[in-house]
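Residue numbers (our numbering), protein chains in the order written: chain A, 6 to 369; chain B, 9 to 325.
Treat the hints as calculated values from the structure; they're not laboratory data.
Built from N, CA and C at the ideal position, the CB exists for glycine as well.
Hints may contain errors.
[Stated by the list, open to error] With the C-beta cut set under 7 Å, the calculated list includes, among others, these residues of chain B facing chain A: (1) G29; (2) T38; (3) I92; (4) N96; (5) D100; (6) V104; (7) G143; (8) I144; (9) A260; (10) I300; (11) Q302.
[Unchecked claim] For the chain B half of the interface with chain A, some residues (derived, Cβ under 7 Å), not all of them: (12) T19; (13) H21; (14) T26; (15) V32; (16) V33; (17) L39; (18) G271; (19) L297.
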Amino acid sequence: MRTDWQGSYLDGRTAARHPATIRLMREGLEITTEAGGTRLWRYRELRQTQGSYAGEEVRLERGGELPETLLVPDAAFLQSLHEAAPHVGPRFHDPRRRSARLRWTIVAAGGVLAATIAIYLWGIPLLAALVTPHVPVAWEETLGRSAVSYLAPPERRCGDPVLGAAMDAIMARLLAAGPPSPYTMRVYVVNRPVVNALAAPGGHVVIFHGLLERTGTPEELAGVIAHELQHILRRHTTRAVIQDVGTGLLLMALTGDVTGPLAYGLETARALGELRYSRRAEEEADVEGMKMLLAARVDPAGLIAFFEKLQKEEGAQPKALTYLSSHPLPGERIARLKSLAAVRTGAPEPVLPGEDWSALIKRC
Amino acid sequence: MPPSGTLRRPTFHGAGGTLFGIHVVNTLLTLVTLGFYYFWAKTRLRRYLFGQTEIEGDRFAYHGTGRELLLGTLKAVLVFGVPIYLLNIIRDVLDVPAPVKVGAGLLSASLLFVLFPVAMVGARRYRLGRASWRGIRFSFRGRVRDLVKIVLVGSILTGLTLGLYYPFLLVKRQAFMISNSYFGSERFDFAGRGRDLFWVYVQAILLTLPTLGLSWVWYLARKRRYFWDHTSFGPARFSCTITGRALLGLWAVNALLLVGTLGIAWPWVRVRNIHFAFRNLALLGPLDLARIQQEAQRVSTMGEGLSGFFDSGFDLA
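Kindly produce the complete structure, drawing on both the sequences and the hints.
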């Protein structure tokens, strides 16, 4: 075992570096400098702050905030130190354990992968499910108001009182079938040719005229409204915001730093990650919306017929895509709705008896 | 040309692979501790990066701890995060008279405005204060109030001149950051002038359209060069040789690496960035190390006033 080593001593008061000879003793290091004579550093007074990685010199510090420092360029010094003083234990890094560290790093990589998948599949949805019920309705209303002022600006809204009354009647019928909710629900018809409908948090259902035009009966529209009402009642937007934050935090933890070009890559990853969450929200709105229709004794065949119509139109008219593309696979979706509708008990009651639907929707 | 032997370049010895290994372990611990390990992870990373950086045969050392970083962030959340959050609720959600809403909005905006200089000074004070070379600590002695003044006056003038004052603000801020930085008892100095950067800035604006925005890469390179070239330490001064073309090449390859590996290559990208910066940086002239004495700033856990409160180690990163 080699006991004598060359290094440098820094006194912590000046920037001068003093060449030093170090001798490994059982109880400590004996350090000899040309000017300062000899001193003994006991092992238990020392801490090692560098030299745990390949290529680093060994750095030992002694003392409080502004310590004296000993630098030894040769990392083999550490191995001799452990041999000279076996009792020092993990206070000093042992280069012989570096291969074990590599193995642990590989295990950790597997752990990161497993943890990421678990957090994404279960952790974030669970967090969102726990937090969402505690978000005040007033916040959702604020968020919804600003979304509606953008999505359905007052000058584009259909102001026809007869159509408005019909919309309100459909909605009231659906809501009466369920438990009371803290929301004041409103429906707007917006004069745009898009085949789409959406729900803003806090109680706003927006129907674009393009979608209204394609409905053949009030039952078809009732199915769409029930779906959108479920988005509001199940607080899907709030949940999406929480999941969005969760995914962002997860990605931040994975990459460490979120700066520069990496930020754009992360944005894509986050958008992809949210697809799964939004698909699940749509499925839930489908299932619960169908239950709502059945409870309100609305004929579920209307909604199914409407989806089938849109699916057929898809090839001919790309506009119809808007409503379906942000949602689960249309074929799968229709099949699920059909199986849910099969459990219907009792005869349906017409939604707007005696109304001429095709004339009604032309009023805007 | 300076005589040989007086040109010093920093060297980085770190490897992307080691950095990646540190990052993997850090990530696992951060995930299983629900984020709490983040501050210790950051510290471990800095310790490694500082320890792998060498100039004049000696490496830097980082003395910060995860606990300090955690406490610093908690302070920031308490003094800025919570009040701004509450004020924003008053502004957006609560049913209160309009003047109260306006007042809350103004207060929140001004807190946010002050947060920036406080964070900048706090982070610099903390990071320099925890860095050493040859056992001598660096320190930052600038006061938050001075930077608030620079940023406040600078922002108003920038607004009044439709942005033309901005380079002057940048130079003033850089002067504040550099000339309050110390290594031991020796101060760094900054001799840049706003009007020099002004023309570079105007050029970048005028060339934005014809170059499809690429002129700003050249602007960034020139700004970095200008800042370093006017920074000195005692009789020695820094010299930077970064060019717009080299910077663009670096970024292009970095972007390819990151996109091609879905971000996994970032430790190697980080090493590339450091190598690039050091390759283009040198310290010219004599360095009288014997004159330099240890003069670390005592950092108390509690000071007077807001700035003192943060001086003890406030760092968001």
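Going down the list of hints, with the structure as the test:
Given the 7 Å rule on beta carbons, the hint for G29(B) holds: about 4 Å separates it from the nearest Cβ of chain A. Checking T38(B) against chain A: minimum C-beta separation of about 5 Å stays under 7 Å; hint holds. Taken as an interface hint, I92(B) does not check out: its beta carbon lies about 16 Å from the nearest beta carbon of chain A, beyond 7 Å. For the restraint placing N96(B) at the interface with chain A, the shortest Cβ-Cβ distance is roughly 11 Å, beyond the 7 Å limit, so the hint is violated.
Because the beta carbon of D100(B) sits about 6 Å from the nearest beta carbon in chain A, less than 7 Å, this interface hint is met. Nearest Cβ of chain A to the Cβ of V104(B): about 12 Å, over the 7 Å cut. The hint is violated. Nearest Cβ of chain A to the Cβ of G143(B): about 4 Å, under the 7 Å cut. The hint holds. Hint status for I144(B) relative to chain A: holds, with the closest Cβ pair at about 5 Å, below 7 Å.
A least Cβ separation of about 10 Å between A260(B) and chain A goes past the 7 Å threshold, and the interface hint is therefore violated. Annotation: interface hint on I300(B) holds; nearest CB of chain A at approximately 5 Å, less than 7 Å. For Q302(B), the suggested interface contact is upheld, since its CB lies about 5 Å from the closest CB of chain A, less than 7 Å. Violation of the interface hint for T19(B) is found here, the shortest Cβ-Cβ separation to chain A being roughly 11 Å, above the 7 Å cut-off.
Using the Cβ-Cβ criterion of 7 Å, the hint placing H21(B) at the interface with chain A is satisfied: the shortest such distance is roughly 5 Å. Evaluation of the T26(B) hint against chain A yields a held restraint, the C-beta minimum of about 6 Å falling below 7 Å. Because the smallest distance between the Cβ of V32(B) and any Cβ of chain A comes to about 5 Å, under 7 Å, the interface hint for this residue holds. This hint holds: V33(B) has a C-beta 5 Å from the nearest C-beta of chain A, less than the 7 Å allowed.
Against a cut-off of 7 Å between C-beta atoms, the interface hint on L39(B) holds, since the closest Cβ of chain A lies about 4 Å away. Taking 7 Å as the C-beta contact cut-off toward chain A, the hint placing G271(B) at the interface holds, the least distance being around 5 Å. A cut of 7 Å between beta carbons decides the hint on L297(B): the least distance to chain A is about 4 Å, and the hint holds.
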